[in-house]
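Below are the chains, spelled out letter by letter.
Protein chains: 2
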Amino acid sequence: MYARCLEELEDRGEAVVSSAQLASDCGVNAAQVRKDLAYFGEFGIRGVGYYIKDLSDDIKGILGLNREWRMAIIGVGNLGTSLLLYKDFLKKNYKIVAAFDVDLSGVVGKVSEKIGKPVEILHPDRLKEVAKQRKIDIAIIATPASEAQNVTDKIVAANIKGILNFTPAQIKVPRGYTVKNVYFTTILDNVAYLLQSKRK
Amino acid sequence: MYARCLEELEDRGEAVVSSAQLASDCGVNAAQVRKDLAYFGEFGIRGVGYYIKDLSDDIKGILGLNREWRMAIIGVGNLGTSLLLYKDFLKKNYKIVAAFDVDLSGVVGKVSEKIGKPVEILHPDRLKEVAKQRKIDIAIIATPASEAQNVTDKIVAANIKGILNFTPAQIKVPRGYTVKNVYFTTILDNVAYLLQSKRK
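Each protein sequence line maps, in turn, to chains A and B. 35 is the number that the working numbering gives to position 35 of the first sequence; each next residue is one higher, with no gaps. Each position in the second sequence, counted from 1, maps to that position plus 1000 in the working numbering.
Only chain A is shown next, with the shape it has when bound in the complex (with noise of 0.2 Å):
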C-alpha cells in the first residue's frame, strides 16, 4: 500500500512527504505511519517529512519489487485472456513470459485477436523444458478447478517456486513452494460480512 503510495507521489513529481500526507493518501492515520515505517527503520526527518524516492527504493528492496518477476498463465480461458490483457502489469515489475493451454487449436487465433498481436500458446507438457528456457518465477494457475493440482504437479516439476492459485480447489505443495490462494468466494465473504455488520 505503501509502494503504491509513494509510486503515485513520484508519478507526480514530488520529492518530499509528510507522515500525515502519506497517512491520507493511504487512507490510514499518521501514527499507523510513522509506526509501521519505524518498524523498516524508518524515521522521516523532523519537521520535513519522508524524502519519497529513498523510502520507495528502501520499500520496493523490502518487499521485492525492485526486480523484475517472469509468469506464466496456465489456463488461457476468460480468466487466463483478462490476465494477458491486464495493463497495469506492464506499469510494474511483472512480466508475462509465457502462456499455456490444453485447447491449443481452440484458443490462439481468439486470444490472438483480442490481444491485437500474434500470442504463442504452448501446451502445458512443455513447462518444465520452458520454465528453464525462460526463467520463470510465478506459475498463474486459471484452468478449471479440476485440472489444478494436474497444472501443480507440473509446475512443481519445473521448480517454479511461487504460484497464483485462482481456482477454488485446495493445491498441495512441497515444502519450500509459495501458494497464494485468489478465491472470488473469500473475497466475496469478506465484503458480505462487512455489509452484514454495518447493518446490524
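Honestly, the hints are just simulated from the structure, not real lab data. Certain hints may be false.
What the hints assert, rightly or not - Restricting the straight-line Cα-Cα distance to at most 20 Å, the calculated cross-link-like pairs of lysine to aspartate or glutamate (DMTMM-like) are:
no.	chain 1	residue 1	chain 2	residue 2
1	A	Lys172	B	Glu1008
2	B	Lys1198	A	Asp58
3	B	Lys1161	B	Asp1103
4	A	Lys114	A	Asp103
5	A	Lys198	B	Glu1068
6	A	Lys135	A	Glu68
7	B	Lys1110	A	Glu113
8	A	Lys92	A	Glu113
9	B	Lys1132	B	Glu1120
10	B	Lys1161	B	Glu1120
11	B	Lys1172	A	Glu8
12	A	Lys53	A	Glu14
13	B	Lys1198	A	Glu7
14	B	Lys1092	B	Glu1068
15	A	Lys110	B	Glu1007
16	A	Lys92	A	Asp58
17	A	Lys110	B	Asp1125
18	B	Lys1135	B	Glu1120
19	B	Lys1114	A	Asp103
20	B	Lys1110	A	Glu68
21	A	Lys60	A	Glu14
22	B	Lys1180	A	Asp103
23	A	Lys60	A	Glu7
24	A	Lys114	B	Asp1125
25	A	Lys180	B	Glu1068
26	A	Lys198	B	Asp1058
27	A	Lys172	B	Asp1103
28	B	Lys1114	A	Glu113
29	A	Lys135	A	Asp153
30	A	Lys114	B	Glu1113
31	B	Lys1172	A	Asp25
32	B	Lys1053	B	Glu1007
Unchecked claim - Stretch by stretch, here's where chain A covers chain B in the computed footprint (C-beta under 8 Å, at least three residues):
no.	region
33	1075–1081
34	1148–1158
What the hints assert, rightly or not - Sample of chain A residues with no beta-carbon within 10 Å of chain B, all distances over it, derived:
no.	residue
35	Ala3
36	Glu10
37	Arg34
38	Asp54
39	Gly77
40	Ala192
The beta carbon of each residue, even a glycine, is placed where N, CA and C say it ideally should be.
Once you've looked at the hints, dock chain B against the given chain A.
Quick look at chain B alone, frame taken from chain A:
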C-alpha cells in the same frame, strides 16, 4: 477459512471435529483454532471437540453467509465473463442477478454462446431501476480502469452498498458504502515478497 473447512467436513458427513483436526484442515495450529473460536464464544466440549453443524451455522451467522447475496456484474469483458461462468458461486449463497455492459451488440451473443444459454445484458444507465427491481446487494466492477469511477457513481446512485472493484483504479464512495479492491498486482506483490524472503 473455518466456514469453508467446516463445510467440507459437513459434506463428508462428519458430525464432530477436534480442534487438532480442524487446525490440520485449515493449516493453522490447534491453539490458534481454540483462541479464534473462543473469540466468537465457541469453546467446544472437552474430550469431544466441536459439533460441526452447530459451529458452521454460528460462524455463517456471524459472517452473514446464511443469507443470499444478490450481485450485479458491470463490464462483461473477459473478466466479467469469467465471473459469470464461475461455478463456485453456485455452491455458495451468491447469485448473479444482472449483468451490465455499454457494448450491448458486441457482447450478448458471445457471452450467451460461452455460457450455453441466452444471457441478458443491460446498459449501465438502467442500473438504478434494475437494482431496485432485483434487490441487488453487491456490484462487481469489471470494466476498464478508466470507467471505474463513472460506474461507481452509478452504483452509488442506485444505492448498492457493497462494491467489489477488480480494476486498479482507486474509487471514491460516500460513507456507508463498502468497497473491497482486488488488485492483481497487489496480490502478486505478496507472492513476490514471500518468494524474496524465502531466498534470503
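For each hint, the structure was consulted:
With a C-alpha separation of about 16 Å, the suggested pairing of lysine 172 of chain A with glutamate 1008 of chain B holds against the 20 Å cut-off. Distance hint between lysine 1198 of chain B and aspartate 58 of chain A is fulfilled; the C-alpha atoms sit about 18 Å from each other, no more than 20 Å. For the hint pairing lysine 1161 of chain B with aspartate 1103 of chain B, the CA-to-CA distance comes to about 25 Å; that exceeds 20 Å, so the pair is violated. Between lysine 114 of chain A and aspartate 103 of chain A the CA atoms are separated by roughly 17 Å; this keeps the pair inside 20 Å, and the hint holds.
Distance check on the hinted pair: lysine 198 of chain A and glutamate 1068 of chain B sit about 17 Å apart at the alpha-carbon level, within 20 Å; holds. A C-alpha spacing of about 11 Å is found between lysine 135 of chain A and glutamate 68 of chain A, which places the hinted pair at or below 20 Å, so the restraint holds. At roughly 14 Å between alpha-carbon atoms, lysine 1110 of chain B and glutamate 113 of chain A fall within 20 Å of each other, so this suggested pair holds. Between lysine 92 of chain A and glutamate 113 of chain A, the direct Cα distance comes to roughly 24 Å. Violation of the 20 Å bound is thereby established for this hinted pair.
Restraint check for lysine 1132 of chain B and glutamate 1120 of chain B: the C-alpha separation of about 17 Å stays at or below 20 Å, so the hint holds. In summary, the hint linking lysine 1161 of chain B to glutamate 1120 of chain B is not supported, as the alpha carbons are separated by about 23 Å, beyond the 20 Å threshold. Distance check on the hinted pair: lysine 1172 of chain B and glutamate 8 of chain A sit about 16 Å apart at the alpha-carbon level, within 20 Å; holds. A threshold of 20 Å between alpha carbons decides the hint, and for lysine 53 of chain A with glutamate 14 of chain A the separation of about 9 Å falls inside it, so the pair holds.
Of the pairs offered as hints, the one joining lysine 1198 of chain B and glutamate 7 of chain A is violated, with about 25 Å between alpha carbons and a cut-off of 20 Å exceeded. Between lysine 1092 of chain B and glutamate 1068 of chain B the CA atoms are separated by roughly 9 Å; this keeps the pair inside 20 Å, and the hint holds. For the given pair, lysine 110 of chain A sits about 38 Å from glutamate 1007 of chain B by alpha-carbon distance, which is inconsistent with the 20 Å threshold. Using a Cα cut-off of 20 Å, the hinted pair lysine 92 of chain A and aspartate 58 of chain A holds, with the two alpha carbons roughly 16 Å apart.
Between the alpha carbons of lysine 110 of chain A and aspartate 1125 of chain B the distance comes to roughly 30 Å, so the proposed pair goes past 20 Å and is violated. Annotation: proposed proximity of lysine 1135 of chain B to glutamate 1120 of chain B holds, straight-line Cα distance about 17 Å (limit 20 Å). Proposed proximity of lysine 1114 of chain B and aspartate 103 of chain A is supported: the alpha carbons are some 15 Å apart, at most 20 Å. Proposed proximity of lysine 1110 of chain B and glutamate 68 of chain A is contradicted: the alpha carbons are some 36 Å apart, above 20 Å.
Between lysine 60 of chain A and glutamate 14 of chain A, the direct Cα distance comes to roughly 18 Å. Compliance with the 20 Å bound is thereby established for this hinted pair. Between lysine 1180 of chain B and aspartate 103 of chain A, the direct Cα distance comes to roughly 34 Å. Violation of the 20 Å bound is thereby established for this hinted pair. Our distance criterion of 20 Å between C-alpha atoms is met by lysine 60 of chain A and glutamate 7 of chain A, whose separation comes to about 10 Å. For the proposed pair lysine 114 of chain A and aspartate 1125 of chain B, the alpha carbon gap of about 26 Å is over 20 Å, so the pair is violated.
A threshold of 20 Å between alpha carbons decides the hint, and for lysine 180 of chain A with glutamate 1068 of chain B the separation of about 27 Å lies outside it, so the pair is violated. Restraint check for lysine 198 of chain A and aspartate 1058 of chain B: the C-alpha separation of about 18 Å stays at or below 20 Å, so the hint holds. Between lysine 172 of chain A and aspartate 1103 of chain B the alpha-carbon distance is near 41 Å, which puts this suggested pair outside the 20 Å criterion. Distance restraint check for lysine 1114 of chain B and glutamate 113 of chain A: the Cα-Cα separation of roughly 17 Å lies within the 20 Å cut-off, and the hinted pair is therefore satisfied.
Distance restraint check for lysine 135 of chain A and aspartate 153 of chain A: the Cα-Cα separation of roughly 18 Å lies within the 20 Å cut-off, and the hinted pair is therefore satisfied. Pair hint lysine 114 of chain A plus glutamate 1113 of chain B holds up; C-alpha atoms about 17 Å apart against a cutoff of 20 Å. Taking the CA atoms of lysine 1172 of chain B and aspartate 25 of chain A, the gap is about 12 Å. The hint holds against a cut of 20 Å. Proposed proximity of lysine 1053 of chain B and glutamate 1007 of chain B is supported: the alpha carbons are some 9 Å apart, at most 20 Å.
Counting residues of the region 1075–1081 of chain B whose CB lies closer than 8 Å to any CB of chain A gives 4, which reaches the minimum of 3, so the coverage claim holds. A stretch counts as covered by a chain when three or more of its residues have a beta carbon under 8 Å from one of that chain; for the region 1148–1158 of chain B and chain A the count is 0, and the coverage is violated. With a cut of 10 Å on Cβ distances, alanine 3 of chain A falls inside the contact zone with chain B, its closest approach being about 7 Å. Against chain B, the non-interface label of glutamate 10 of chain A holds: every CB pair exceeds 10 Å, the least being about 16 Å.
The beta carbon of arginine 34 of chain A sits about 22 Å from the closest Cβ of chain B, which is more than 10 Å, so the claim that it is off the interface holds. Under the 10 Å C-beta cut-off, the non-interface status given to aspartate 54 of chain A relative to chain B holds; the minimum distance is some 20 Å. Interface exclusion of glycine 77 of chain A from chain B breaks down, the closest Cβ pair being 7 Å apart, not more than 10 Å. With a closest Cβ-Cβ approach of about 5 Å to chain B, alanine 192 of chain A is found to fall inside the 10 Å limit, against its non-interface label.
Going through the hint list in order, the structure does not satisfy hints 3, 8, 10, 13, 15, 17, 20, 22, 24, 25, 27, 34, 35, 39 and 40.
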